[in-house]
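Asks: At position 443 of the sequence shown the residue is numbered 443 (our numbering), and the sequence of numbers has no breaks.
Everything labelled a hint here was simulated from the structure, so no lab data went into it. Predicted model, so just to flag it, every value in this text is computed and none were measured. One or more of the hints may lead you astray.
[Unchecked claim] Straight-line alpha carbon distances no greater than 20 Å define the calculated EDC-like cross-link-like pairs of lysine to aspartate or glutamate that follow:
1) LYS209 - GLU189
2) LYS37 - ASP15
3) LYS36 - GLU25
4) LYS36 - ASP15
5) LYS56 - GLU17
6) LYS37 - ASP27
7) LYS209 - GLU187
8) LYS209 - GLU25
9) LYS36 - ASP18
10) LYS37 - GLU71
11) LYS37 - GLU17
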Amino acid sequence: MDATTPGPLSPDLLDREDVRRALAEHDFAAAFTLIKKYGGLSQNRIASACQLTPGKVSTIIGGHQQVTSFEVVRRISDGLRIPGRLLGLAPRSWEALHVEVGPSQEARNERPRMEEIPWQPAATVDLAAALTRSDLVMDRRAVTRALAGTAISGAVLLDPLEGWLQPSAPPTSSRRRGRLGVREVEELESTARAYRTWDHRYGGGLRRKAVLGQLSEVAAHLDESQTPQVAQRLYQVMAQLGGTAATMAWDSGLQRGAQNYYLLALRASHAADDTVFGANVLAGMARQMLYRDRPQDALELVRLAQDGSRNVAGPRVRAMLHTREAWALSAMGRATAFRRATAQATDALASAGPGNDPYWIAYFDEAELAGVTGGRLLDLARQGPQRNAEMAAIEIRRALSRRGPEASRSHALDRIGLAECHFFLGDLTGAVEEVDHALEAARATQSSRVRTQLGQLYPYTVRHSVSRQVREARDRIRDLLSD
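Modelling step: build the complete structure from the supplied sequences, incorporating the hints.
Replies: Encoded structure:
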C-alpha cells in the first residue's frame, strides 16, 4: 500500500471510544475484534494488511499472544492506516507532515525520522501539533512505551541539524486569519517563563501535561495567519515550552520523548530567528548525549551551537557553552583541553553584567559554574589522580555556598557529587554525612535524574560496608530509591 492509497478503516470507526481506548492501550485483541465487527474486515484481510500470518492474528484475537514489538505496532499502523497518535507513535509517513520516505525505509516499514522534517515554519507547527496531540491523549503506560526508547545519536542525529545554520524560510500563508494581540502573547510568554522557573526549581515531570497543553495552544495560534511580529514571538514561546517539555520528559525517564521536544524547540527557535535560544537547546541536547556516554556527539552539538551563535550570544550563554564543551572533553579524558575550556567559561562569565542576557540563562552564575566544574573534575577523578577529587570537592562546596532555594535539583546533584568525593578520598564519616544531606535534598525534587545519580553512590556503600555507618547509609539510599 503506497502513501496515497486510502486505508481500509472508516473515520467513523477510528472515532469510536472503544476502538481508541483499545489502540491507546495496545490491546490488539480488543482492537482487531472491533475492527472485524464494525469495520467488516476478516482476519485474513487484517493479516494481509499488517504483514502478519492469519494464525498470528488468530492468536492475538484469542488473547493467547500480546503485541509487544513496536515494529509490529508500526506495521499495524501503516497497514490499516491508523494514525500514529492513536497508537503512541510519531506521525507516520502518510500523515499530514508529508515527510519523504525512501524506498528502503518503506520496505522496512520504519517511521520517518523526525529529524528529516523540513526546516520550515509550517512543518514545525505541524510537528508541535502532532507531538502534543499524541502525548496528551495517551495514558501513562502508552506514554512510557512510546517515549522511553533510546535517543538517536551519531550521524543520524547530527547531519540533519546542519539545517539550523541556514536562514529561516518565511512562513507560508494560512487559511485562517488570527487575531492574537500583544497582550495575549505577553500572557503566553509569562506562562512559559513560569513553567521554566518551576522546572528549574523542582525538576521532575509533575507539570509536563500542563506544559504540553500550553504548547498545543501555541501551535493552534500559529496555524492561523498572525502578524509577523506576533508570529515570531509565538515561535519563541513554542521554543521555550518545547525546551521545558524536553527537560521534564528527561526527568521522567522518557529519553526519546525528551529528544523529540528538544528537536521541536530547536526548529521553533529557527523559525523565530532566535539563534541564541537555539544554541541553548543544542546545549541541552549535548547534555543528554553526555548522560548517555556519547561525549563525541555532545562535543559536535556544542560546536554547532558555538558556530551558529558566535556573533550574537552574550557572555553567560558563551560561558555555559564552554562548560558543556569542557564536560565533553573531561568525559573523553582530555584534561588539558578541559582546563582550557573551563578557563574560557570563567573569563566569559566574568564579563557578564545585569541586563546583558535573556532571562532563561540567568541561572548560570558563579554557583552554577562551580557546580559544573566540580562535577567534571569528579569525572576526571574516576579516571586518574586523587587530586582531581580534592579539587572537585572544593568547587562543589563553593557551589553549595552560593546556591539559592530556586535550584533544588542542582543542590541535590551537588550533594551527591560531594558524597562521592569523600568516598574517593577515603573519608567515610564525611561521605556518610553528605549522603544524608543528599537524601534530604533528593526528597525535595521529583527528578529521576537525581535518583539515578543517587543510585551511583550505592556501589561505594557496598564496597565500604565493613563500616556500620556506611551500611546504614546504604540502607537509607535503598529505601529512598525503592519508594
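Asks: Any hints this thing doesn't respect? Which numbers, in order?
Replies: Per hint list: 5, 10 violated.
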